[in-house]
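Keeping the supplied structure of chain A fixed, place chain B upon it in accordance with the hints.
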Amino acid sequence: MSPAPLLSAQGLRVGFTTEGGLLQAVDGVSFDLAAGEVLAIVGESGSGKSVTAQTIVGLTRSPNARIEGSVRLGDTELLDASETELRKVRGERIAMVFQDPMTSFNPVYRLGAQIVEAIRAHRDGVSKSEGRARAVELLDSVGIPDAERRVDDYPHEFSGGMRQRAMIAMALALEPEVLIADEPTTALDVTIQAQVLRLLESLNRERGVATILITHDLGVVAEVADRVLVMYAGRVVEEGTLDEIFYDPQHPYTWGLLGSLTRLDRPRPKRLRQISGAPPSLLSLPEGCSFRPRCPHEFAKCMEMPGLEARLADAPSHCDRCWLDPERKREKREVGGQIGLEAPA
Amino acid sequence: MGRFVVRRLAGMVLVLFAVSVLVFAIFNLIPNSDPAQRLAGKNATPTLVKSIEEDWGFDESLPVQYFDTMKKIFTGELISYGDELNVDERIAEGIPTSFSLCIGAAVIWLFFGVLFGYLSATRAGGWLDRALTVGSVGGISIPVFLIATLFLYFLTYKIELFPASGYVPLLEDPIQWAYHLILPWFTLAILNIGFYSRVLRSNMLDVMREDYVRTARAKGLDEKRVMIRHVLRNSLIPIVTLFGLDFGATLFGGAIITEVIFSLGGVGQYAAEAITNLDLPPLMAITIFGAFFVVLFNALTDVVYAYLDPRIRLGTSAQ
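These protein sequence lines map, in sequence, to chains A and B.
Count along the first sequence starting at 1, add 1239, and that's the number in my numbering.
Count along the second sequence starting at 1, add 83, and that's the number in my numbering.
Just so you know, these hints were derived from the structure itself, not from any lab.
All the given hints hold, so there is nothing to weed out.
EDC-like mimics (lysine to aspartate or glutamate), calculated; alpha carbons at most 20 angstroms apart, straight line:
(1) K307/B / E1324/A
(2) K125/B / D166/B
(3) K133/B / E167/B
(4) K307/B / E1322/A
(5) K1327/A / D305/B
(6) K307/B / D1363/A
(7) K307/B / E1331/A
(8) K1327/A / E306/B
(9) K1327/A / E1414/A
(10) K1367/A / D305/B
Partial pick of chain B residues on the chain A-facing surface, computed with a CB cut under 10 angstroms:
(11) E293
(12) R308
(13) H313
(14) L391
(15) P393
These stretches of chain A come out as covered by chain B in the derived footprint (C-beta under 8 angstroms, 3 or more residues):
(16) 1325–1335
(17) 1357–1366
Please read these numbers as outputs of a predicted model, since none were measured by experiment.
C-beta: ideal position from N, C-alpha, C; glycine also.
Just chain A, with the same shape it has in the complex:
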């Protein structure tokens, strides 16, 4: 643990006023991101992971958004920052890569021009031709073949995987300290996913870019993350190192996520495992633990919301929100020789 984290969120809450009432999309998320670290935020759709990521750089600001808590980048408080101050942080110090590379580039401008635009937004002195040369260099560095020629292509002339590489190249244009990748591989073919992950991993290793990786895919997490935050219904339900989460998961929701992974080194299950039920509506959360209605291990105490606490004596940084006794958890999560939420019906 480094003494001063690069990026730190404390008690981040994001709500949106809707016709149905206040929708609390993110409810008290805290984390620290150290320089050079890869933090994965995992959860289903609607768990608040993307909102968390976008709130860091102020992309969720709107008249009907209620944002509370603190997000600090070094000494700067980002939640209080003016639009102008935030604009200087975006792209320059914190860059983002989004989920769908097909729609994340403007279709009417050449890719190179869009990268140059990102550079010139922060570097007044850079000429268009210097910017273009830099764009070629960047595209080349993320493995776009024949970058000198492809820099003048339009987005639709690139394949999905190439576009995501170009997206990453654009994010790296100004050598940011933090890269936020919001489901960077979700829209890609499996083979391309692996390439993009390897690229993100090498960027982290070689350039020391601290990365927040947002995903619903634990397979992705296992490959690149140092630490993992598991989110459910706007809250962090478990937090720990990669090994802690994968080998000693404490929250039944994490068991469910791990159990639903299909593993090639195990006999093929009759049915793919799933977590039954659906995430609760954020407008009407259940009383107590939000995962209670889907949890087969529910007991009386679950009517009370558990806090995010370290419950294991030997792992002070491994926190979770579950009332079950850690010893009992060890028995309960064993399903057919591996970790899971419950035996398939």
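Leaving out everything else, chain B in the frame of chain A:
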């Protein structure tokens, strides 16, 4: 590109043929439209009518008459039944007026339509947006003849600010030209200002939700640049389609009322005269002329479209 042009030209000929046949057929189906009777006057003898029929070729079969009329349009020999003047020459006389009116109006409606649409969309929900919405809906709802009448009453009669009628050629006196056209321009433009600003507003609000707009913000672009370079630029693409259709249609249709009210003496006013007198030759010629421009602007729209949206490239497949 070559194939595109050929295809477009073929389509154009087909459209013009269909339109002219339709007008010709409708004219001959209208009761009391027998041109020989009308030319001969009220108390004409059957012999006179008969001789007029022979002179003008009305005794021929309809297809022959149709092709004869069409041939004369293109050789410039078509004579009106009403004033017995050469039709093509009268259209040629009216063209500078009609073009001045329509091009000027188009510039005005594009400028204000885009300006108001942009202001509305970037301040959606604010008081300016509401005011512009009310104004736009008003502009769309008020009929052209009422706008023209209100203009005439308040701006030429009550306060004598503008001339009530007439057209001064551009080359003769550019200032008088513009001065005489200001009221007709705005009369013609107001409907489309309202319409275009509404369409642009909703296009922009849609585009603002696009992923690439979020990307543009995440790059650290300032809000104005995001709005103009990314939101407005992409929202203008559908506006171009609209404009291509509207401009062609206005040139020889939408401008008729305005031309008549302000007595500009353009092609539109000639069309209005021909309609009231059931005068077939000018109707045929003006229809073909108008249809020609509608089709032409449609083709131009496609070309501009490809320029604005690189995903649509004519004749060349991607890669």
